[in-house]
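Chemist: The residues making up each chain are set out below.
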Amino acid sequence: GESVGLHLPTLSVQEGDNSIINCAYSNSASDYFIWYKQESGKGPQFIIDIRSNMDKRQGQRVTVLLNKTVKHLSLQIAATQPGDSAVYFCAENRAGNMLTFGGGTRLMVKP
Amino acid sequence: EAQVTQNPRYLITVTGKKLTVTCSQNMNHEYMSWYRQDPGLGLRQIYYSMNVEVTDKGDVPEGYKVSRKEKRNFPLILESPSPNQTSLYFCASSFGRQGRNYGYTFGSGTRLTVV
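Just so you know, the sequences run in chain order A and B. Each residue of the first sequence is one higher than the last, beginning at 138 in the numbering used here. Each residue of the second sequence is one higher than the last, beginning at 27 in the numbering used here.
Just so you know, these hints were derived from the structure itself, not from any lab. Any given hint could be a false lead.
[Claimed, not checked] Here are the computed lysine-lysine pairs in the BS3-like style, where the Cα-Cα straight-line distance is at most 27 angstroms:
1. A:K208 to A:K193
2. B:K91 to A:K179
3. B:K43 to B:K95
4. B:K83 to B:K97
5. A:K205 to B:K43
6. B:K91 to B:K43
7. B:K44 to B:K95
8. B:K44 to B:K91
9. A:K193 to A:K205
10. B:K44 to A:K179
11. B:K44 to B:K83
12. A:K179 to B:K97
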């Protein structure tokens, strides 16, 4: 598959454990955030989003937490599965059409 | 199936030979964008378009051109490719509401090598 980053932070977890992936954003004016998952050889895929008037949002097995005080975003994956192995990106919407992506974190799930 | 289609998936070319990477979406999205992805640099926006005949520069537009003559198509043009444009390219599209982008759908990527 395509290499998406040779120097990415890597999180290694055991199958069945919970995963927490963190992201720091830079612009306090950003008011909308998205988590993307990118598997090898594929484009980024939308997972979950959150607006700045919320501090938590839950999806199926995923939860996003937003801490605006410290400009921090996290993605929690419950009962991590081998299919969750991928690179995860956070993105912030600063104004209008512009989405700015973070550098990404590689999640590796050990069977 | 709702999707963003890019072609080609892989391309090797020589310096200075003009090329076009096509992008088409079937979701009637207003917004379209091109990103390049490089190791250690993440996803960087090249150009974006908020509607037909409306395009704007992103973070790294030098050496690229785009056009948006139809809503569904957003080709990326490299008039004179150089080796530093070797990269993985993604096209993306999304609905726009009140000027806000609520998240892109990405294509599968085009791996470009310029020798």
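Chemist: Regarding the pair A:K205 and B:K43, is the alpha-carbon distance no greater than 27 angstroms?
Modeler: Status violated; Cα separation ~47 angstroms.
Chemist: For the pair we were handed, B:K44 and B:K83, check the Cα-Cα distance against 27 angstroms.
Modeler: holds (20 angstroms)
Chemist: Measure nothing beyond the straight line between the CA atoms of B:K44 and B:K95; if it is 27 angstroms or shorter, mark the hint as holding.
Modeler: Distance of about 20 angstroms is within 27 angstroms: holds.
Chemist: Would the pair A:K208 and A:K193 pass a check requiring their Cα atoms to be no farther apart than 27 angstroms?
Modeler: holds (14 angstroms)
Chemist: Between the alpha carbons of B:K43 and B:K95, is the straight-line distance 27 angstroms or under?
Modeler: holds (23 angstroms)
Chemist: For the pair supplied as a hint, A:K193 and A:K205, confirm whether the alpha-carbon distance does not exceed 27 angstroms.
Modeler: holds (11 angstroms)
Chemist: For the pair we were handed, B:K44 and B:K91, check the Cα-Cα distance against 27 angstroms.
Modeler: holds (11 angstroms)
Chemist: Assess, step by step, whether the Cα of B:K44 is no farther than 27 angstroms from the Cα of A:K179, and give holds or violated.
Modeler: holds (26 angstroms)
Chemist: Taking 27 angstroms as the top limit, are the C-alpha atoms of B:K91 and A:K179 close enough?
Modeler: Status holds; Cα separation ~24 angstroms.
Chemist: Tell me if the straight-line CA distance from B:K91 to B:K43 falls inside 27 angstroms.
Modeler: This hinted pair holds, its Cα atoms lying about 14 angstroms apart.
Chemist: Given the hint that B:K83 pairs with B:K97, test it: the Cα-Cα distance must not exceed 27 angstroms.
Modeler: The hint holds at about 18 angstroms.
Chemist: Keeping to a limit of 27 angstroms between CA atoms, is the pair of A:K179 and B:K97 held or broken?
Modeler: Distance ~24 angstroms between A:K179 and B:K97 Cα, so the pair holds.
Checked against the numbered hints above, the structure breaks only hint 5 and satisfies the rest.
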